[in-house]
Amino acid sequence: MSKKEFIWNRKHLIGLRELSREEIEYILDTAQGFEQVSTRSIKKAPTLRGKVVVNLFFEDSTRTRNSFTLAANRLSADVIEFTQKSSSVSKGETLLDTARNLEAMGIDIVVIRHSAGGAPKFLSRNINACVVNAGDGYCEHPTQGLLDTFTIRKIKGSLEGLKIAIVGDIAHSRVARSDIYAMTKLGAEVTLVGPPTLMPAKVSQLPVQVSYSLDAVIGQVDVINMLRIQFERMGTNPFPSIKEYSHYFGLTVERMKKAKKDILVMHPGPINRGVEIESEVADGTNSVILQQVTNGLAVRMAVLFLVNQAAMAKE
Amino acid sequence: MEILLSSDKIADCITNLANEIISKATRDNQIVVIGVRSRGEILAKRLAEVLSKKLKNKTPCGTLDITLYRDDINNPQGESQPVVRSTEIGFNIDDKIIILVDDVLYTGRSARAAMDALIDLGRPKAIRLAVLVERAGREFPIHADFAGLKVDLPADKSVQVNFVESDGKDRVIVI
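From first to last, the protein sequence lines are chains Z and X.
Residue 35 in the working numbering is what sits at position 35 of the first sequence, and the numbering runs on without skipping anything.
Residue 13 in the working numbering is what sits at position 13 of the second sequence, and the numbering runs on without skipping anything.
There may be inaccurate statements among the hints.
[What the hints assert, rightly or not] Capping the alpha-carbon separation at 20 Å, the derived lysine to any residue pairs in SDA-like fashion look like this:
id, chain 1, residue 1, chain 2, residue 2
1, Z, Lys258, Z, Asp283
2, Z, Lys314, X, Lys169
3, X, Lys169, X, Pro60
4, X, Lys96, Z, Arg40
5, X, Lys54, X, Ser86
6, Z, Lys154, X, Lys169
7, Z, Lys43, X, Ser86
[To be verified] Some chain X residues well away from chain Z (every beta-carbon gap over 12 Å; in silico):
id, residue
8, Ile3
9, Ser23
10, Ile89
11, Ala117
12, Ala155
13, Ser158
In case anyone wonders, no lab produced these hints; they're calculated from the structure.
All C-beta atoms, glycine included, are put in the ideal place defined by N, C-alpha and C.
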């Protein structure tokens, strides 16, 4: 399908599970056009001039929030930064009341991160503004999935037939879910690697293979995405010790010797250096971790642009 | 359907555009050619080739995507969904004389968007507008410095430029 025939009509980006391959490719193609905005002397385009974007973050974030803020700024939008700690939510205000109050100020796009899965979907059904999911519970983190996919496609040319391992705390990872949906829809074979206690309960329903041995997988894959252990989301210890986890599932210099020479090493950040990945590997020649951050900006600009376009078309 | 320009006439127009540009160029500043996507890009490449031959010097050529600068981008009445593509200008535009190339000049809105986009990329010495067809009906105070053909058509008619590279044949028609 050529880009000219394709019509993007989603005013919300809730997750990649519901997107078609064509829609995902369209976002990635659009993001390519935004890359050069960040490389020129005046890093700004007037595309969202007069629009208001709200960063509605109910969970801590540095990378994603700043990336969305910069993306909105580069498109000339006005940005309202909202965090739970400095808002009326701390006085008991509900999510919907918060959003409706913001909407009464004339906002156009809400970028929401929330610990409750489904919060962005709920919001999208109850307000008129566009809603972009910046991470909800254990469900999805679609722009991270898109930027990971964009990074791989940019370097490898295509995801078709690539073997990709996602390693670590899959159970608590919304990044893993968005990655799985995007990468498999674009033709990659995804293997989840980690201890059984960190696999999601319904892993058999996902279009992936599962391995409990990183050593068995490392030599086969073209891309390896190392996830952070999300200790803050765990009630009990899922493994005996961090040292033992690192021994079996950490990406070490020693383990990298078994990997393909051109393997891409990815990490959504923030990195627990020495736990899931050794510093020498995180900063090594195969690492594309910082490129992921750079690409995230272009992808988020594309997403803000596209949801706004769809909203305008529906008016 | 009325044919405004045949393949031969298009080639003649490009040669004439190149001659006019050279006759008015100053020697102090380098000429660069930048085409507006998508058909301006093709026209710019052809024009740059002719200029390079005549000047016996490679004329730099780039491509400008103006999607993000269109003033109908937030307007639901816009013609169709805009497709964002890359700007590819592999040279510095500071102090250059830019020959901005588009296939048709009509309302002037694309030319305005292109100038805004160029100004965000640097500070050229001057921007000159070269088009294959200059059509009456300007909405902005913009004119072409170099035009292959000037026409005045009713508002319900549209000018369509076809090139071998994108459409399989060279021609300019009114539909």
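Tell me the numbers of any earlier hints that the structure contravenes, in ascending order. 2, 3, 5, 6, 10, 11
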